[in-house]
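Sequences and hints are given; from them, build the entire structure.
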Amino acid sequence: MVFSSLHFLYIYLPVVMLAHLLAPRRLRNGVLLAASLWFYAWGEPVYVGLMLFSVAWNYVTGLQLGAAARPSRRKAILAGAVAVNLAVLGFFKYYGFLVQTLNGALGLRLPDYNLPLPIGISFYTFQALSYIIDVYRGTTKPQPSLVDFATYITMFPQLVAGPIVKYADIEAQLQKRRATLAQVGQGLERVILGLAKKVLLANNLGLLADAMRAAPRLSVLSAWLGAAAYALQIYFDFSGYSDMAIGMGRMLGFGFAENFDYPYRARSVTEFWRRWHISLSGWFRDYVYIPLGGNRVGIGRHILNLLAVWLLTGLWHGASWNFVLWGLYYAVLLIAEKYVTGRALSKLPDGVARALTLVLVTVGWVIFSNTDFSAMGRYLGFLVGIGAGGFADGAFLYALRSNALLIAFAALCCGPGLRQWQLRLTGRLPAVALVLFAALLAACTAYLVHGSYNPFLYFRF
Amino acid sequence: MKKKRLFFLRATAIMVLALVALLDIAFILHKDRAASPLENRNLQQRPALTLTGLMSGRFEGRFDSYVADQFPFRDRWIALKSTLDRLAGRTKSNGVFLGKDGHLIQDFNAPSEENYRRTTDALARFLDRHDDLNAWVMVVPTAVTVLADALPALADAGDEGGYIDRLAEDLSETHAAFIDLRGAFARAKPTTPLYYRTDHHWTSDAARLAYLELARAAGLPENTDAFRRRLLSGGFQGTLSAVSGFRMEDSEDLWAYVPGDDAPQTVVTWVSENRRGASLFREECLDTRDQYAVFLGGNFPEVRIETTLDNGRTLLVLKDSYANCLIPFLTAGYHKIVVVDPRYFTGDLEVLMGAEGVNEILVLYNAETLAEDTALRGDVGES
Numbered sequence: 010m011v012f013s014s015l016h017f018l019y020i021y022l023p024v025v026m027l028a029h030l031l032a033p034r035r036l037r038n039g040v041l042l043a044a045s046l047w048f049y050a051w052g053e054p055v056y057v058g059l060m061l062f063s064v065a066w067n068y069v070t071g072l073q074l075g076a077a078a079r080p081s082r083r084k085a086i087l088a089g090a091v092a093v094n095l096a097v098l099g100f101f102k103y104y105g106f107l108v109q110t111l112n113g114a115l116g117l118r119l120p121d122y123n124l125p126l127p128i129g130i131s132f133y134t135f136q137a138l139s140y141i142i143d144v145y146r147g148t149t150k151p152q153p154s155l156v157d158f159a160t161y162i163t164m165f166p167q168l169v170a171g172p173i174v175k176y177a178d179i180e181a182q183l184q185k186r187r188a189t190l191a192q193v194g195q196g197l198e199r200v201i202l203g204l205a206k207k208v209l210l211a212n213n214l215g216l217l218a219d220a221m222r223a224a225p226r227l228s229v230l231s232a233w234l235g236a237a238a239y240a241l242q243i244y245f246d247f248s249g250y251s252d253m254a255i256g257m258g259r260m261l262g263f264g265f266a267e268n269f270d271y272p273y274r275a276r277s278v279t280e281f282w283r284r285w286h287i288s289l290s291g292w293f294r295d296y297v298y299i300p301l302g303g304n305r306v307g308i309g310r311h312i313l314n315l316l317a318v319w320l321l322t323g324l325w326h327g328a329s330w331n332f333v334l335w336g337l338y339y340a341v342l343l344i345a346e347k348y349v350t351g352r353a354l355s356k357l358p359d360g361v362a363r364a365l366t367l368v369l370v371t372v373g374w375v376i377f378s379n380t381d382f383s384a385m386g387r388y389l390g391f392l393v394g395i396g397a398g399g400f401a402d403g404a405f406l407y408a409l410r411s412n413a414l415l416i417a418f419a420a421l422c423c424g425p426g427l428r429q430w431q432l433r434l435t436g437r438l439p440a441v442a443l444v445l446f447a448a449l450l451a452a453c454t455a456y457l458v459h460g461s462y463n464p465f466l467y468f469r470f
Numbered sequence: 024m025k026k027k028r029l030f031f032l033r034a035t036a037i038m039v040l041a042l043v044a045l046l047d048i049a050f051i052l053h054k055d056r057a058a059s060p061l062e063n064r065n066l067q068q069r070p071a072l073t074l075t076g077l078m079s080g081r082f083e084g085r086f087d088s089y090v091a092d093q094f095p096f097r098d099r100w101i102a103l104k105s106t107l108d109r110l111a112g113r114t115k116s117n118g119v120f121l122g123k124d125g126h127l128i129q130d131f132n133a134p135s136e137e138n139y140r141r142t143t144d145a146l147a148r149f150l151d152r153h154d155d156l157n158a159w160v161m162v163v164p165t166a167v168t169v170l171a172d173a174l175p176a177l178a179d180a181g182d183e184g185g186y187i188d189r190l191a192e193d194l195s196e197t198h199a200a201f202i203d204l205r206g207a208f209a210r211a212k213p214t215t216p217l218y219y220r221t222d223h224h225w226t227s228d229a230a231r232l233a234y235l236e237l238a239r240a241a242g243l244p245e246n247t248d249a250f251r252r253r254l255l256s257g258g259f260q261g262t263l264s265a266v267s268g269f270r271m272e273d274s275e276d277l278w279a280y281v282p283g284d285d286a287p288q289t290v291v292t293w294v295s296e297n298r299r300g301a302s303l304f305r306e307e308c309l310d311t312r313d314q315y316a317v318f319l320g321g322n323f324p325e326v327r328i329e330t331t332l333d334n335g336r337t338l339l340v341l342k343d344s345y346a347n348c349l350i351p352f353l354t355a356g357y358h359k360i361v362v363v364d365p366r367y368f369t370g371d372l373e374v375l376m377g378a379e380g381v382n383e384i385l386v387l388y389n390a391e392t393l394a395e396d397t398a399l400r401g402d403v404g405e406s
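Going down the list, the sequences are from chains A and B.
First residue of the first sequence: 10, per our numbering; consecutive thereafter.
First residue of the second sequence: 24, per our numbering; consecutive thereafter.
Watch out, some of these pointers could steer you wrong.
Partner residues are not named here, just some residues of chain B that face chain A (Cβ under 7 Å, in silico) [stated by the list, open to error]:
1) K27
2) R28
3) L29
4) F30
5) T35
6) I48
7) E83
8) D92
9) R97
10) W100
11) L107
12) A178
13) A180
14) L309
Okay, the calculated beta carbon distance ranges per label pair [said to hold, decoys possible]:
15) B:L74 to A:L72: 55 to 61 Å
16) A:L61 to B:T311: 49 to 55 Å
17) B:G242 to A:S383: 32 to 38 Å
18) A:S355 to B:A41: 50 to 56 Å
19) B:I48 to A:R428: 31 to 37 Å
I should point out that these hints are in silico values taken from the structure, not numbers from a laboratory.
Source: prediction; values computed, not measured.
Even glycine gets a Cβ: it sits at the ideal position worked out from N, Cα and C.
Right, dumping it as structure tokens:
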């Protein structure tokens with residue numbers, strides 16, 4: 010199921026929220042678990058089995074770790090658990106990629122099963138790993154209840170697109186949580202804002218980005234407009250989903266950590282990654298980067314650590330070479346900022362540093378969004394005028410005119426100003442804010458209903 | 024401020040709950056619609072729950088469509104979305120421009136080089152093969168060319184004029200005469216509505232002008248005095264509004280030139296339907312959303328029109344829907360007209376031409392359809 014569907018918003022969510030609210034306290038996790046499994050099974054029931062296997066395996070492993078005292082035994086259990094989790098993730102997410110690469114490079118004929126990617130597997134595997142490692146480290150006690158543990162792994166708000174919730178953050182709330190009317194309202198406020206980001210901003214920006222990417226030839230400005238539209242699209246798409254997840258968590262009585270902190274206001278690429286998909290960069294920091302020694306090592310080793318982390322970060326985003334390239338692109342930028350350009354960058358005026366960072370990030374998204382390297386090369390060429398249809402053209406002017414308001418508003422939403430204004434408004438003129446939110450919900454509903462608008466094109470005949 | 028914020032949060036919870044409950048109650052109470060006339064398609068009905076359907080994901084997909092298709096006040100939501108798009112400054116939707124003076128204008132999509140070559144070469148060879156028959160090619164410019172000044176500001180429309188020029192040039196090697204309507208349309212534009220505002224078709228007045236151009240070239244009556252201009256509908260809502268979502272409330276007049284008492288009598292045979300009638304118009308179509316289908320009843324693989332005019336002239340028309348409102352004028356000059364729509368025709372064209380004794384050929388398309396067409400070249404015998 011996806012959040013931005015009428016079925017989810019108008020049927021699934023109200024039913025589940027009411028059931029959760031009305032259920033006796035000791036059954037709440039059971040209700041939430043059943044709802045989450047239903048959510049996950051919708052459209053692709055087969056992989057529920059895989060997720061349940063992951064839940065059961067990690068649950069048992071957690072208990073074993075809790076019971077084992079000998080360090081060598083604990084280490085063995087941990088190694089086994091990590092290996093199984095990574096093997097499952099590796100097989101379902103990377104097997105096809107690996108086989109195609111090997112077949113291509115070595116002329117082999119290994120079978121490619123063309124398995125569809127189990128939704129959310131990257132997210133729930135990482136959650137499970139964080140739990141297992143924390144239990145191993147002794148920072149977290151193992152969860153004795155299978156239902157509670159399964160509730161944590163499968164919880165529907167964050168199941169398919171994050172944020173990656175650390176077990177320790179919601180351990181207490183799994184046992185005891187309450188959702189007041191005001192909390193439900195606060196959650197809904199966040200859900201509506203996230204929905205609007207996704208449906209009103211991201212989807213419409215996506216139309217522009219797609220149109221530019223599909224054009225056989227672009228002027229330089231058109232290419233930049235398309236790339237900027239994609240950068241805005243992916244931000245509002247992803248952060249909108251995170252907002253909705255955080256909002257729904259709040260309605261259920263959970264406090265999920267923030268996942269985005271106005272990333273496009275970053276003054277450097279280093280800062281960008283402190284503000285973008287925070288739960289993922291935090292995961293890699295805690296479970297890969299720091300265990301490798303972080304930056305408390307020699308320069309050579311530090312560079313190696315960064316390369317390793319960013320290679321993995323790239324691969325995590327998708328099983329394709331362009332994601333590897335995208336990760337390495339960031340590794341190079343981060344190493345450069347650390348050892349070469351960092352000091353100069355910090356002396357630049359804010360505006361210049363931000364603009365520079367934005368350009369680098371936008372180019373990064375071009376790499377990210379093109380799994381086909383020749384298309385990527387072509388588009389990157391357009392950006393600097395190679396093969397482009399002039400510097401500006403009619404298509405650019407028309408696209409700009411048609412999307413100027415959208416882009417201006419989206420740009421405004423990239424900073425904290427509008428959100429601060431909205432919070433002040435709700436505190437001063439609540440009635441006005443209420444009308445505004447009703448209108449926002451109505452607008453989102455209109456766009457979602459229109460998504461099913463499918464006039465049969467008999468006009469061609 | 025804290026207190027007001029708390030009020031806002033609680034009120035939000037209650038408001039959203041109330042809105043969702045209201046819509047859900049409406050969803051449960053209202054009767055499911057079978058079809059959407061606006062979209063010209065059947066709407067998803069409540070799917071039956073089966074284990075295999077559920078496990079394969081088919082049920083889920085259909086259920087999601089069902090909720091969307093049967094969402095209460097669906098058409099209102101769609102209109103709201105279009106209004107918001109317009110407010111945001113969008114002037115193009117699904118390939119349709121929101122033009123000035125209420126004109127909706129379909130963009131022109133240039134054909135791929137391969138598509139252009141294959142169609143043009145096949146057509147040229149077909150005409151060469153029949154160089155003993157008089158032939159005319161009429162590729163009608165659409166509103167995007169003729170009404171270019173009504174396009175929204177800065178609109179970056181496809182180059183239809185360039186396409187027509189190239190086609191005329193490439194077909195000039197054949198013996199067929201290319202009839203270019205752009206001059207006549209430019210002259211008539213200030214006084215005559217040439218295109219519907221909500222539909223991609225030309226008006227009957229535009230078709231009349233085109234007939235007069237053809238008449239000069241083909242030696243047909245150079246007037247249309249035998250026909251009377253008649254209002255068929257005051258509530259025509261074209262397909263461009265449905266396709267784009269713009270101006271969905273607008274409707275306009277639909278005029279036709281119907282044969283008067285002096286016009287030859289006709290017998291019309293819809294061959295594939297095995298149906299015969301005396302009229303070139305099917306007025307029952309005026310009760311449907313697709314009112315333009317009143318002309319010849321819409322598009323059929325093969326329609327044969329025989330007239331009381333005994334001059335031995337038999338015309339083959341290879342056409343799209345633009346021809347449907349021009350064909351009535353042709354009855355004043357032909358004994359027999361064989362109308363073939365290559366998009367639906369599956370027979371052998373050469374056999375048909377021989378059997379019907381065709382001795383003249385007219386190829387009549389609008390530029391947009393011909394540019395996108397992939398059927399004509401097969402029927403004219405692409406090798």
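Numbered hints the structure breaks, given as an ascending list: 6, 13, 14, 15, 17
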